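Novice: Could you build the full structure based on these sequences and the hints that come with them?
Heads up: the sequence shown is residues 1 to 693, going by this note's numbering.
Please note: incorrect hints may appear among the correct ones.
What the hints assert, rightly or not - Pairs of lysine to any residue residues, derived as SDA-like cross-links and limited to a Cα-Cα distance of at most 20 Å, are as follows:
(1) K245 x D297
(2) K57 x T438
(3) K72 x D638
(4) K299 x A239
Stated by the list, open to error - What follows is a set of in silico ranges between Cβ atoms, one per label pair, in the way DEER data are often shown:
(5) A412 x A511: 18 to 24 Å
(6) R241 x G602: 36 to 42 Å
(7) P54 x A342: 21 to 27 Å
Keep in mind the hints are simulated off the structure, nothing from the lab. Just so we're clear, the structure is a prediction, and the values are computed from it rather than from any experiment. Using N, Cα and C, we set each Cβ at its ideal position, and we do this for glycine too.
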Amino acid sequence: MWRSHFTTTARSATLVVAVVAGVVVATAADPGNSQAAAPPVETIVVTGTRTDQPLRKVPASVSVVEGDDVRKARPTLGLEEPLRRVPGVFVQNSGNYAQDFRVQIRGFGTRAAFGIREITVLVDGLPETLPDGQSQVDTIELATVQRVEVMRGAGAALYGNAAGGVIHIFTDDPPDRPGANLTVTGGSYGLAKMIGQVGGQGESLGGIATASYFQTDGYRDHSSARTTSFVGRLLWDVAERTQLKILLDGAHAPEADDPGGLTGEQANADPRQARDRNVLLDAGESVDQVRLGAVLDRKLESGSLSAYTYALYRDFDAKLPIIPAQGDGIVQFDRVSPGGGARYTYDQPVGGWSQTLTVGADAQYQHDDRQRFANEGGQKGSLGLDQIEQVTGVGVYLREALSVTGDVEVSAAVRYDAVHYSVDVKTPPDSDASGSRTLDAWSPGGGIVYSPTEALSFFGNVSTAFQAPTTTELVNPDGPGFNPNIEPQRARSYELGLRFGPPGLDMGVSAYRIDIEDELIPFETPAGRVAFRNAGRSRRYGVEVDWRSELLPNLVWSGSGTALRAKYLEYTTDDGDFAGNREPGIPPWFVYQELAFGHDSGLHAAAEVYLVGGYFVDDANTATTPGYGILNLRFGWDTTIGGWDVEPFVGLQNLTNARYDGTVRLNAFGGRYYEPAPGFNVYGGMRIAQSFG
1 MWRSHFTTTA
11 RSATLVVAVV
21 AGVVVATAAD
31 PGNSQAAAPP
41 VETIVVTGTR
51 TDQPLRKVPA
61 SVSVVEGDDV
71 RKARPTLGLE
81 EPLRRVPGVF
91 VQNSGNYAQD
101 FRVQIRGFGT
111 RAAFGIREIT
121 VLVDGLPETL
131 PDGQSQVDTI
141 ELATVQRVEV
151 MRGAGAALYG
161 NAAGGVIHIF
171 TDDPPDRPGA
181 NLTVTGGSYG
191 LAKMIGQVGG
201 QGESLGGIAT
211 ASYFQTDGYR
221 DHSSARTTSF
231 VGRLLWDVAE
241 RTQLKILLDG
251 AHAPEADDPG
261 GLTGEQANAD
271 PRQARDRNVL
281 LDAGESVDQV
291 RLGAVLDRKL
301 ESGSLSAYTY
311 ALYRDFDAKL
321 PIIPAQGDGI
331 VQFDRVSPGG
341 GARYTYDQPV
351 GGWSQTLTVG
361 ADAQYQHDDR
371 QRFANEGGQK
381 GSLGLDQIEQ
391 VTGVGVYLRE
401 ALSVTGDVEV
411 SAAVRYDAVH
421 YSVDVKTPPD
431 SDASGSRTLD
441 AWSPGGGIVY
451 SPTEALSFFG
461 NVSTAFQAPT
471 TTELVNPDGP
481 GFNPNIEPQR
491 ARSYELGLRF
501 GPPGLDMGVS
511 AYRIDIEDEL
521 IPFETPAGRV
531 AFRNAGRSRR
541 YGVEVDWRSE
551 LLPNLVWSGS
561 GTALRAKYLE
571 YTTDDGDFAG
581 NREPGIPPWF
591 VYQELAFGHD
601 SGLHAAAEVY
611 LVGGYFVDDA
621 NTATTPGYGI
631 LNLRFGWDTT
641 IGGWDVEPFV
651 GLQNLTNARY
661 DGTVRLNAFG
671 GRYYEPAPGF
681 NVYGGMRIAQ
691 SFG
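Specialist: Okay, structure coming up:
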């Protein structure tokens, strides 16, 4: 049975770790290795502390994924493509575009039913995360991504609702020379994607615009999807030290079918089938979203000033597999969400001490006009609920980093957040569920970095996290209004780590402990609606390692490994006492390995292996999804034909045809936990580009 425990994967992971240790040590220690001819240590600058700072000076675990690792010879369909290589980050994707990608960092984000939870997501300085803490990534086009920064660990002291960390995505700047490019991709299961981009810049003004179209028939029955998106950036150098960036993003996704979860027996018999009720009620969603924003950055004699503002509109319709006798199965809402913020950084010495002081504030508003209707065979039936939901979030923060010596820097930060919720129930007209509540908290944190050399640094931090529930988590599953029994989640983490970066090698290691109170846990009601409840206490321990090594001038070996133990300490429900059980949805370990080759002729190829240990899918720890291993290959050739830059590419995914669950539905009613992912599949395409002038 393919759902037996994947013991061979565990043995493979042990072998991988042993090989990693041997090769990394040999690479760093052998003076005759090809690393000796490598260029000097590169200074990587990141923004995780809300200021531009060398990576080796950041007292936290931060990973950077550059553009080639995001896009080169890849289909650019989902966030798991760039994020799989980041330790501590686990992305679930079964090709179900109605459920979105589920991203977790150190176990945070596991409970997300839709979108991304417990993780703050930024794009070019603008928050994708709403004031209630939920992030939607419908308008992120991977083909435009220049780099991705991932800060792992509690980021609430600077970012608010960021118990798991922060993902900051940076898109392409306008090219130096005007130009255009077109990428066409096709593949298994009816995959078709087309991306067109034009851009250029002059002395003080530049712009770049990208339009894309995507469609798929899906691996499973009733899993087709279509999306059209647009990304626009306008950069204006207003003055010598001042830049204004205008950002416009939009997406039209009229079709995203939901095949639903399967029981283990159903998945074994036919992993490509859809749940019968999902087909009967035409389960799925459609989304339209547009956001206009602006970011202003100004360099000052004594530091820098940054400010942003945006306005978002979202039109959402979903058909849930809930029969009329059990509830309202069609959900729709219109969302309006403006926001803004400002940050000032003062980086001049004070009293002879080198320091950096950062102060800032964020304010966001969210207005949802929500209705629920009966699902009459996929058609809108009678109105069951009509309510206005409003969320206002305000946060102010301060961070001070002080250089005690040239080698040691200590920092401390604190943030105050207040999130106000209100609901006005219009239907049922006699409901008394209207009301409001405010959740607020202080989130302090601090860290220390010791950098004895340019190539070696040690760090430690203590951080806290205040995680307010989203409106989805607050929704009363049995009626209108909000669930008064839901409380915010709080966490405290302790972390130690190091970064080692001699020429030709970059390596990081970290270990942490996280204590969580009132963790928000999803479960499925008999009607089929996802609801939430608070667990008492839980604890997580983890170790993470990642590296990137130049084995040969044209051959790069990169990889990461994660071990994570997550257990409930106190958790009692009507279904039983789960104290001592493992937290569901969190793999105990996962490993990523990649060998990438690039030749001067333009030929390039990469092989990647991804191994995941089996994990529980319910609080009672009675059901599991087995571990799995995936092998992917991709090839491409960058060349010039007739003055055009041309790159044909091809990818072979899941070469071993492993059967595994791309996504699991935690605590699903009736044992319908499993969403099988595609077996062996292929894609291929062509990118052509031309510069003008």
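Novice: Now tell me, hint by hint, if it's right for this structure.
Specialist: Against the structure, the hints:
1. K245 x D297: holds, 9 Å
2. K57 x T438: violated, 37 Å
3. K72 x D638: holds, 10 Å
4. K299 x A239: Cα-Cα ~10 Å, so holds.
5. A412 x A511: 18 to 24 Å: holds, 22 Å
6. R241 x G602: 36 to 42 Å: At roughly 39 Å between Cβ atoms, G602 and R241 fall inside 36 to 42 Å, so the hint holds.
7. P54 x A342: 21 to 27 Å: holds, 24 Å
Hint compliance for this structure: hint 2 alone is broken.
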